[in-house]
Amino acid sequence: MLARVQSCAVLGIDAYPLAVEVDIRPGENKIKMVGLPDTAVKESEDRVSSALRNSGFRVPRGVVIVNLAPADMRKQGSALDLPIAAGMLAASGQLNGQRLNEYALVGELALDGSVRSVPGALSMAIAARDLGLRGIVLPVDNADEAGVVDRIEIIPVARLNDAHAFLSGQQDVEPRVTDVNAAFAAAKRSVPDLSDVKGQGHVKRALTVAAAGAHNLLMIGPPGTGKTMLASRLPGIMPEMAFEESLETTRIYSITPMAGRRDALIVRRPFRCPHHTSTTVSIAGGGAGTMAYPGEVSLAHNGVLFLDELPEFNRAALEVLRQPLEEGMVHIRRASYSVTYPSRFMLVVAMNPCPCGCRTDPRKVCRCSTGEVQRYMGRISGPLLDRIDIHVDVPALSFEEMTDDRPSGPTSAEVRAQVQAARDRQRVRLGGKHTCNAHLDTKAIRKHCVMTEGAKSVMEMALRRLALSARAYDKVLRVSRTLADLEGADIIAENHVSEAVQYRSLDREMFGTA
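All residue numbers for the sequence shown refer to my numbering, where the first residue is 1 and numbers rise by one.
Don't read these hints as lab results, they were simulated from the structure. Just so it is clear, the structure is predicted and the values come from calculations on it, not from any experiment. Fair warning: there could be bad hints in the mix.
[What the hints assert, rightly or not] Only pairs whose alpha carbons sit at most 27 Å apart, straight line, appear in this in silico DSS-like list of lysine-lysine:
no., residue 1, residue 2
1, K42, K32
2, K443, K456
3, K42, K30
4, K198, K364
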């Protein structure tokens with residue numbers, strides 16, 4: 001008897017429909033699996049057989065042929081255990097019912113018949129909905145994640161017996177629906193506040209500008225001045241995530257093992273802080289197996305990627321940042337397939353001014369030679385540095401600043417309101433092609449970055465005195481546009497250009513370039 005069960009499989013962050021076809025014919029008892037299964041899928045033969053037996057069902061006798069269609073795409077992972085088991089039950093006459101044709105099935109089976117969670121449940125639920133199915137049957141642990149998808153029934157099951165009872169019509173299961181509003185409301189609590197950081201008023205201002213225009217930021221200062229603490233407050237002052245942003249980010253984490261995810265829906269902007277020993281693969285994505293997993297640049301999508309001790313990172317690992325910074329996505333190619341992961345993030349980097357870290361600290365003596373400082377700074381490539389719009393010095397705190405117990409500066413909520421207003425102005429002005437000033441191309445810069453005559457004079461003076469390049473000129477214009485948006489101004493004024501130029505002064509001082 002031939003049976004067909006609908007399922008889904010994940011490729012990249014998207015899922016595609018996959019049919020599990022089971023045919024039983026007389027012969028020696030064995031299971032033959034075709035359709036390019038990987039090792040984990042082939043091993044489902046033993047898991048499914050034990051799960052069926054321990055759940056009180058009969059393992060089909062004879063030759064059981066399991067075809068995974070489409071047959072020309074490699075299948076991987078353990079999510080096909082449940083549909084294979086359902087197909088074997090249907091082909092052997094132990095499962096009947098119309099629901100088998102109306103629902104997709106995904107889930108890993110334990111030997112005792114319990115159903116374990118699988119990666120990519122959110123993407124598979126979306127694929128099942130787009131396929132026109134009534135719902136999807138999946139593990140209980142994946143139900144909250146998939147429950148954010150509307151117009152489809154999410155049926156959680158804990159054991160193979162539960163799936164059999166539901167599909168045969170013997171038992172009804174209440175579809176799981178996740179309260180998205182409650183998830184977003186919970187995200188507003190327990191966010192590190194910017195006012196907790198003592199002093200550093202000008203750095204907080206730079207963070208505000210960076211968040212308002214999605215500008216990449218470089219902080220230079222001695223150890224212990226609060227660079228990491230300041231960077232960790234950045235997601236709290238960025239605009240709250242829209243549902244579409246949250247859904248896309250959750251899909252990335254859903255397929256990534258050991259990504260540190262706990263919530264069913266990611267509603268806080270990610271803050272990724274990889275160690276400086278991270279490899280190129282861990283930063284960009286990939287892997288040695290058949291699955292190319294997302295890297296840090298994708299896990300930071302719609303959030304912040306913070307690289308502390310920037311010169312200590314592997315040069316090749318830093319160079320892979322150039323494509324996602326430019327395109328907002330990363331392409332990973334393998335011999336038999338290629339995947340594209342979204343990776344639109346704010347890059348925030350921190351570094352010491354020299355190997356010993358004392359070069360700009362007035363209270364300490366720097367013992368680094370000129371050659372050592374140059375080699376240290378030279379570890380950062382020009383193309384990567386060229387993609388950072390704002391450079392800011394983070395000086396050592398004074399005794400008065402460290403002992404002041406009063407809140408320092410505005411709170412994160414107050415700053416976030418300013419940033420949100422600036423982002424709203426950009427969204428209205430730029431339309432659909434660009435959403436933030438940091439992403440403006442040359443044509444958009446000329447159209448939207450209109451300056452007053454006084455601002456043009458300040459810009460001309462800066463070009464002459466600082467010998468700014470054409471690239472640096474565009475950066476100053478982008479940051480000036482953001483400063484104007486923070487003030488609600490339509491035209492860039494003198495004070496906007498003056499402040500934007502100050503964010504380029506360290507470029508010349510520290511790196512000897514402009």
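Would you pick out the hints that fail for this structure and give their numbers low to high?
none
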